[in-house]
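Start from the sequences, fold in the hints, and give me the full structure.
Note that the protein sequences, when read in sequence, are chains V and U. Note that the working numbering gives residue 349 to position 349 of the first sequence, counting from 1, and the numbers run on in steps of one. Note that the working numbering gives residue 288 to position 288 of the second sequence, counting from 1, and the numbers run on in steps of one.
No lab work stands behind these hints: they were computed from the structure. Wrong hints could be hidden among the right ones.
[As the list claims (entries may be wrong)] Capping the alpha-carbon separation at 27 Å, the derived lysine-lysine pairs in DSSO-like fashion look like this: (1) Lys178/V <-> Lys327/V; (2) Lys321/U <-> Lys332/V; (3) Lys314/V <-> Lys16/U; (4) Lys31/V <-> Lys236/V; (5) Lys321/U <-> Lys327/V; (6) Lys157/V <-> Lys133/V; (7) Lys332/V <-> Lys133/V; (8) Lys31/V <-> Lys239/V; (9) Lys239/V <-> Lys178/V.
[Unchecked claim] Quick list of the computed label-pair ranges, beta carbon to beta carbon: (10) Asp27/U <-> Ala18/V: 52 to 58 Å; (11) Glu213/U <-> Gly281/V: 42 to 48 Å; (12) Ala236/U <-> Ser119/V: 53 to 59 Å; (13) Glu240/V <-> Arg23/U: 51 to 57 Å; (14) Met31/U <-> Glu240/V: 50 to 56 Å; (15) Val252/V <-> Thr77/U: 48 to 54 Å; (16) Ala236/U <-> Ala18/V: 43 to 49 Å; (17) Thr125/U <-> Ile161/V: 20 to 26 Å; (18) Leu121/V <-> Ala113/U: 46 to 52 Å; (19) Lys332/V <-> Asp27/U: 24 to 30 Å; (20) Pro84/U <-> Lys332/V: 45 to 51 Å; (21) Tyr274/V <-> Gly46/U: 51 to 57 Å; (22) Gly27/V <-> Glu209/U: 53 to 59 Å.
Think of the CB as a built atom: it goes at the ideal place given N, C-alpha and C, for glycine as much as any other residue.
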Amino acid sequence: MRFVDEFRDPELAGVLGAEITALCEPGREYKIMEVCGGHTHTIYRYGVQDHLPDNIELVHGPGCPVCVIPMGRVDDGVAIAQRDDVILTCFGDMMRIPGGNGSFLDANAAGADIRMVYSPLDALRIARQNPDKQVVFYAIGFETTAPSTALTILRAKQEGITNFSIFCNHVTIIPAIKAILDSPDLRLDAFLGPGHVSTVIGCRPYDFIARQHGKPLVCAGFEPLDLLQSVYMIMKQFKEGRAEVENQYGRVVDWDGNPRALAVMNDVFALRPYFEWRGLGSIAHSALQLSSRYADFDAELRFEVPGVRVADPKACQCGEVLKGVLKPWECKVFGTACTPETPIGTCMVSSEGACAAYYNYGQYAKQRIHLEV
Amino acid sequence: MSWQITEEEVGDRIEKMRRRRPRFIDDRITMAHGAGGKASRALVEGLILPLYDNETLDQLGDAAPLQVGGVRMALTTDAFVVRPIVFPGGTIGELAVNGTVNDLAVSGARPAAMSAALILEEGLTAESLQEQVRAMAGAAERAGVAVTAGDTKVVERGRCDSMYIVTTGIGVIEHDVVLAPTQVRPGDKVLVSGTIGDHGVAILLARGELDIEADVRSDTQSLWPLVDAMISACGAGLHCMRDATRGGVATVLNEIALAAEVGVIIAEDRVPMLPEVIGAGEILGIDPLFVANEGKLVAFVAPEAADAALAAMQSHPAGAKASIIGEVREEPPGRVLSKTAFGGHRMIDMLVGDPLPRIC
Chain V
1 MRFVDEFRDP ELAGVLGAEI TALCEPGREY KIMEVCGGHT HTIYRYGVQD
51 HLPDNIELVH GPGCPVCVIP MGRVDDGVAI AQRDDVILTC FGDMMRIPGG
101 NGSFLDANAA GADIRMVYSP LDALRIARQN PDKQVVFYAI GFETTAPSTA
151 LTILRAKQEG ITNFSIFCNH VTIIPAIKAI LDSPDLRLDA FLGPGHVSTV
201 IGCRPYDFIA RQHGKPLVCA GFEPLDLLQS VYMIMKQFKE GRAEVENQYG
251 RVVDWDGNPR ALAVMNDVFA LRPYFEWRGL GSIAHSALQL SSRYADFDAE
301 LRFEVPGVRV ADPKACQCGE VLKGVLKPWE CKVFGTACTP ETPIGTCMVS
351 SEGACAAYYN YGQYAKQRIH LEV
Chain U
1 MSWQITEEEV GDRIEKMRRR RPRFIDDRIT MAHGAGGKAS RALVEGLILP
51 LYDNETLDQL GDAAPLQVGG VRMALTTDAF VVRPIVFPGG TIGELAVNGT
101 VNDLAVSGAR PAAMSAALIL EEGLTAESLQ EQVRAMAGAA ERAGVAVTAG
151 DTKVVERGRC DSMYIVTTGI GVIEHDVVLA PTQVRPGDKV LVSGTIGDHG
201 VAILLARGEL DIEADVRSDT QSLWPLVDAM ISACGAGLHC MRDATRGGVA
251 TVLNEIALAA EVGVIIAEDR VPMLPEVIGA GEILGIDPLF VANEGKLVAF
301 VAPEAADAAL AAMQSHPAGA KASIIGEVRE EPPGRVLSKT AFGGHRMIDM
351 LVGDPLPRIC
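Right under this line is the structure:
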């Protein structure tokens, strides 16, 4: 397919892999965190690690939007959906995420009306079509999806649609990276920056990672060659003794981000004082709620929700895995109590999570299997 | 660290868990139990099989082997709840006939007779019903089988979506070739009979919820003539076949790898796919390897018979785009690996989520 295959060329990958290997200092181990779950998917889908030398380890980060939703927030969604007059809508990958008392799929089986949509505008359409129902959009995601939620609110206000509201779980990426960097037992050397988030926020917000923490960050695209080139750029920084923010995804990401999207977000959202992240705990100023101007569309104000905090299970060591301190298999419950079918922690919840990825693919990721067929 | 366990031990533990019969731990049936992935496996193997306690059923073949008066036969049954009931390339009626015909065909049985039960929703137009019965009759004629028994039931409006169909088929096995996962061995070649993912993508687009337009048609068709030609061409070299319906080719490969205790290695760039299916998959984040087909089979063939099998398939319209996509290895047992077009490799596991409910 044109404009796609070019970014998946195995020969170019081989060349880049060799150049990356040449930049490695013998005996040194490099841990590079890909912040975004989309990158994790690309790494496993295309076998990117096969083109990297053994001493470069890619550590999967916190950027899987469904993984970081705490169980209490899932329960709140279920509580809203259990009302007879409510149609709850959400993205498809939210359906399986377990709360303290089952997932949205389970809630549907018990009689709730939770529907999968591909865009918040689809939720607004459902609201138009069902004027006698309350339609709630369960909003999740980083700065990537927040602008489309904001625009949907503006549209609803413009059209005077009153049976529509948002249960807002939008989170912001910088505080999460900060929380990881501030951990005393951090073992990461560099970051692959989240490309999609960066289309909105640009590259400047990452400056502190290079300046204060001395770690390189390269904003990376989502095709496998994007990732290899970004690793190459990081390794080049190490070789030349630099720690900077660089932009590999220049064909999409503007250094200053998308000012219009940011303006809409500033209008519609306000920062929450704090928000709980599954696996990482409570992080200050790390999530968005509707601003007072749009409070009419806030499902948390429109409906009574339990708002109960459900603690992460004690045995779960997702926090350590996310910081690169523990490898997934080193967690005490990994593969026994915690599996992709019955996940305990955030890293096992979505296939993009570090533990689920390792569970499904990890044992064979390092073997050089002869695959000529 | 106080936790003294090696990475290898953790790996062994995961493999043991994977092979264990899955447990059914849910309180209710959810849509995930119908998607053909791990949840469906837990439903069938964890809840249903233990209660029937029947060795033949435990085999979980596409059809059950029978012996009546010295004649080898095969029996299968299938339910169809696809929405919408008419879609590009086919209808629920054609699907209901071809689905059962194909379960018999890949078991090596010539379809001999079929029954059909129609569950109809109050308010369904006579015209729609006539259209579907006509479609079933036409598909049955093309497959060389007759619908010789049947039943109808009507339920209140809203209790089913237009119509559901259940078909049961009996086939006759007229050769000595044993087709079973136990026949699969290291060295066998893995073939698919054509482009994959067409049916699932056609249904998804036909629902009109995605604002994507592409000319993708369901591949629903009878596979018996193709299978007949393959048995003639390969004889005992043909070891096992499956039709790759719910869960797609990836699920079939995993089932065989687990049942035969072998590793399966495929090369991604050898798997035939329509550009439209690849494109829709890219946009929707769906891997065509996991998408349902309704007229494609996966075959495991002895290496010396592989070229004959491929030639026999390609000379038949239902297998014109057939391809050898990989081979069977001793290692890693129970696992499926793919060589990616990018020059790396990846594991292909069974489906966990539920990308496409009610596709057949």
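Please flag the earlier hints that this structure goes against, numbers listed from lowest up.
2, 5, 7, 17 and 21
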